[in-house]
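S.K.: Going line by line, the protein sequences match chains D and Z. Residue numbers 9 to 174, in the numbering used here, belong to the letters of the first sequence in order. Residue numbers 8 to 270, in the numbering used here, belong to the letters of the second sequence in order.
Don't read these hints as lab results, they were simulated from the structure. Just so it is clear, CB atoms sit at the ideal spot from N, CA and C, and this is done for glycine as well. Each hint should be verified, as a subset may be incorrect.
Claimed, not checked - Calculated pairs, DSBU-like style, for lysine-lysine (alpha carbon to alpha carbon, straight line, at most 35 Å):
(1) Z:Lys17 / D:Lys20
(2) D:Lys154 / Z:Lys91
(3) Z:Lys167 / Z:Lys45
(4) Z:Lys64 / Z:Lys45
To be verified - Footprint (simulated), chain D over chain Z, 3 or more residues, beta carbon under 8 Å:
(5) 8 to 15
(6) 38 to 44
(7) 105 to 114
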Amino acid sequence: MSCTVSMTVNGKTVSREVEERTLLVTFLREHLGLTGTHVGCDTSQCGACVVHVDGRSVKSCTALAVQADGAEVTTIEGLAAADGTLHPMQAAFREHHGLQCGFCTPGMVMSAVDLVRENPNPTEAEIREGLEGNICRCTGYHNIVKAVKAGAEAMSAAQPAAVAAE
Amino acid sequence: MYAFTYQRPKSLADAAAAIQAEEAKLLGGGQTLLPTLKQRLAQPSDLIDLGGIAELKGIREADGGLEIGAFARHAEVAHSDLVKRVIPALASLAEGIGDRQVRNMGTLGGSIANADPSADYPSAVVALKAAVTTDRRTIAGDDFFTGMFETALEPGEIIKSVRFARPDKAAYAKFRNPASRYAIVGVFVARFGGEVRVAVTGAAGSVFRAEAFESALAADFRADALNGLSVEADGLNADIHASAEYRAHLVTVMAKRAVAAAG
Chain D
9 MSCTVSMTVN GKTVSREVEE RTLLVTFLRE HLGLTGTHVG CDTSQCGACV VHVDGRSVKS
69 CTALAVQADG AEVTTIEGLA AADGTLHPMQ AAFREHHGLQ CGFCTPGMVM SAVDLVRENP
129 NPTEAEIREG LEGNICRCTG YHNIVKAVKA GAEAMSAAQP AAVAAE
Chain Z
8 MYAFTYQRPK SLADAAAAIQ AEEAKLLGGG QTLLPTLKQR LAQPSDLIDL GGIAELKGIR
68 EADGGLEIGA FARHAEVAHS DLVKRVIPAL ASLAEGIGDR QVRNMGTLGG SIANADPSAD
128 YPSAVVALKA AVTTDRRTIA GDDFFTGMFE TALEPGEIIK SVRFARPDKA AYAKFRNPAS
188 RYAIVGVFVA RFGGEVRVAV TGAAGSVFRA EAFESALAAD FRADALNGLS VEADGLNADI
248 HASAEYRAHL VTVMAKRAVA AAG
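Bound conformation, chain D alone (with noise of 0.2 Å):
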């Protein structure tokens, strides 16, 4: 029992014979080899694999791929520029040092753009109840949020007119 799924994927229309009951998150890692989207607890509990499915984060472990046929999908690898320059949350994570081990930092990240999306100014508190989705077993937070805060200020003071519309 097979289907056909196409979606864009970080801008790319893709296309794959896949059998029904394929998650998303595996379709983008086996389907399309984008491993950048991790599998962490495969129970929607950790975030490790949040996706943007229509520009709303999702975990991609508890989506089917066919559930997002024809979506717009956004993954680690499709928020940095073509020239490589790492997105403003990216960056902040890098600069604040938002990771340790750095597996939930995929997951970390998209959120937290979803996030600045929805809010473009959050405070710590908000960050921390945005990341509710999303566990972090080494850093204990502290950094991540600053980071977030961050990536927030960089994020508008980058496209104030943008964040605005969204």
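Based on these hints, arrange chain Z on the given structure of chain D.
M.R.: Below, chain Z without anything else, positioned relative to chain D:
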């Protein structure tokens, strides 16, 4: 996950036809069903994705209250200006479900059809005198939840929308499990003129009304009116998170917080 056939009907009529297949299951946002399938706890022949059906979407003002489509995602309800204006307590309940990513996928219809004893929405369905409209009939909110993971829905019956009455005052207070964010105890208090409804979720196998609380609050709508009142611990849920006695205690505490928040 066992293999299944995936279908994405475009209309309610097509979905109603598809769900007649022997072992077919409806798919809402999938935030409970997909984890269940991944653990191989269910083996549906067909998954009928309701995400392509326009009739199940949207949030409208109706009869002074709200009519919310079954496929409204929790994040939509939480961020809707209409919901925030007409029944702000409902927006705030939706904003407290799960986490951001779960709210971006999970749906109202999926939540109440699943009838998890710790889910948030059942308390609003009961407290806000809801009417659940399906492809076959309308079910009163008071009659909808019949037990743990059990509802009045017949096999293959599909929820279209839920109508919530607009209360004069309302609030939802929950003591949540910090890991799952499900309600260990959640209490929705709503006041309609001289009538007060207090619906409790998380504490028992299914949502229930605390009648003694309701009459006390109908006479005097203040948190202190609940002093000395409590529900029987007998028959309440007990697990690693909270004993039945502790849940009984939390029902009073959450009810008081809800009354205070409702103002």
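S.K.: All the hints need checking, so say for each whether the structure fits it.
M.R.: Do the hints match the structure? See the list:
{"no.": "1", "hint": "Z:Lys17 / D:Lys20", "result": "holds (27 Å)"}
{"no.": "2", "hint": "D:Lys154 / Z:Lys91", "result": "holds (31 Å)"}
{"no.": "3", "hint": "Z:Lys167 / Z:Lys45", "result": "holds (27 Å)"}
{"no.": "4", "hint": "Z:Lys64 / Z:Lys45", "result": "holds (27 Å)"}
{"no.": "5", "hint": "8 to 15", "result": "holds (count 7)"}
{"no.": "6", "hint": "38 to 44", "result": "holds (count 4)"}
{"no.": "7", "hint": "105 to 114", "result": "holds (count 7)"}
Of the numbered hints stated above, none is contradicted by the structure.
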